[in-house]
Amino acid sequence: MAYVTPFTYRQGQSLLHLLDVRCKFFMICLISMSMLSAHLSACFFYFLILLFFFNKAGLNIFATLNSIKYFILLLFFIFIARALTVKGDILFSFYGMSITEQGLNEGILVAFRFFLVMLTGLLFSITTKPSSVKSAVQWFFKPIPFVPEKRVAVMISLSLGFMPVILKQAKEISDAQKARCSDLQKNPVKRITRLVLPLLKKTFLSADSLVLAMESRCYNDDRTDPEFLPSGKEIPFLIGSFIISLSLACL
Amino acid sequence: MQKLIIDINALCHTFSDGYLGIKNVSLSISKGEFVILAGKNGSGKTTFLRHLNGLLLPDSGVIFVNGHDVSKHLIQTRKTVGMVFQDADTQIVGDTVFDEAAFGLENLKVKRSKINEKVTQVLEDLNLFHLKNRSPSTLSGGEKRKLAIAGILVMNPEVIVFDEPFSNLDYPGTIQVLSTIINLNRSGHTIIIATHDVETIISEATRIIIMEEGLVKEDGKPDSLIKYLESYGIKEPCSSKLGLGLQPWLT
Chain A
1 MAYVTPFTYR QGQSLLHLLD VRCKFFMICL ISMSMLSAHL SACFFYFLIL
51 LFFFNKAGLN IFATLNSIKY FILLLFFIFI ARALTVKGDI LFSFYGMSIT
101 EQGLNEGILV AFRFFLVMLT GLLFSITTKP SSVKSAVQWF FKPIPFVPEK
151 RVAVMISLSL GFMPVILKQA KEISDAQKAR CSDLQKNPVK RITRLVLPLL
201 KKTFLSADSL VLAMESRCYN DDRTDPEFLP SGKEIPFLIG SFIISLSLAC
251 L
Chain B
1 MQKLIIDINA LCHTFSDGYL GIKNVSLSIS KGEFVILAGK NGSGKTTFLR
51 HLNGLLLPDS GVIFVNGHDV SKHLIQTRKT VGMVFQDADT QIVGDTVFDE
101 AAFGLENLKV KRSKINEKVT QVLEDLNLFH LKNRSPSTLS GGEKRKLAIA
151 GILVMNPEVI VFDEPFSNLD YPGTIQVLST IINLNRSGHT IIIATHDVET
201 IISEATRIII MEEGLVKEDG KPDSLIKYLE SYGIKEPCSS KLGLGLQPWL
251 T
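Chains A and B are the protein sequences, given in the same order.
For the first sequence, the working numbering assigns the number 1 to the initial residue and increments by one for each residue that follows.
For the second sequence, the working numbering assigns the number 1 to the initial residue and increments by one for each residue that follows.
Calculated directly from the structure, the hints in this document are not laboratory data.
Just so you know, even glycine gets a beta-carbon here, dropped at the ideal spot from N, CA and C.
Check each hint, because a few of them may be wrong.
As the list claims (entries may be wrong) - So, partial list: chain A residues that the calculated Cβ filter (under 10 angstroms) puts toward chain B:
1) P6
2) F26
3) K134
4) L160
5) V165
6) D208
7) M214
8) S245
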């Protein structure tokens, strides 16, 4: 069975699942950019909207948060770094380091913004088939000269499609090593090296096999163009995302 | 006398390290034949098969598929000779069953409506249509192998080449794939199967070719060669050892 990542597409019939992928791409870009200047209240407002769509897509927000717990840990480090480095009114000091009120506020804001961008991306990838992402990339790159849009699109699609295979292989290698007491090796560098080298070898071999399989089915750049199936709700969604972006930027 | 579909004259292939993979192989295969290419690991079976699809080109000698020189008509050859690889996981390109089956036709720039029609028909024929929106990585081993066959069948090949089609399959998976292969042969496809374990398939074959060290050592009817298999490192089927001759594996 495949290794399912938090970003793996899950089948569904929600509004977001059915929305044209080009519209979703545009919305995600617009909202992510306006997030750069969003204040805490606007972020909270957007978080509520995200919760609504998570619910509509049939996703459990707690399970989702659990699956990205390491990312949340990273956000915590970003928060700490901000709190310690931004100058301002000192709240308390220890061992020569001081946490400021401004640092604390900015740390919360930056971490929250990152968190929301992450959740938006997660919602996008869970509700969008990688083949649709490929089609959208091809569509967006088409007007740009000197960019081989079809090749770029296939490369993106293969990278997304190969992730579960690579993760499954990593798990197999890790288990095989654990079965031979690799846990006793405490040096993290040695442990990672022992995992990464065979994984790279396997990945390259798999990539070789994939190239042969694609070639045997006449792969070339000049392929049938992708098909887009708009749901008819794209205009209201675009207007909605424009209003949300304005609110995030101005609130 | 059936029409020749593959004609090979003095085929030789040398790898980049100087190892002679195929040594002066000459043979021909008629339309509708069911051929087993048997031999132990490293005997040159896979190298030989890859020449039939134009994935490898001969260093000397010539291969004709439907009267066309493979080296000069690669696309035509790949449309005529479909290849199912040993590891279905690394052969899969699409992110749903439907997309995977459509890949070959997209490469041939077939119209989208035709692709949808053909893929639907093939998936229905192979009893995979109910899985059309599933991610291929979540399928069972037998279903993945059938999907790989579907990806080939949409391109209307006359010859289907299988490299170790039963490796890593459980009993139900083997039954699924075996009955699919038998049905394909009955519907007029020429079948060539490379394997080191002939037990499952030998009773269905019309011909067996035994390879060793890149040479064709034996070529004839299965019942006339069955007693020589073990001298080439291939296990003789149980039924033959028990004096029951060739018995079908599928009951």
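Hint check:
no. : hint : verdict
1   : P6   : violated, 15 angstroms
2   : F26  : violated, 22 angstroms
3   : K134 : holds, 8 angstroms
4   : L160 : holds, 7 angstroms
5   : V165 : holds, 6 angstroms
6   : D208 : holds, 8 angstroms
7   : M214 : holds, 6 angstroms
8   : S245 : violated, 30 angstroms
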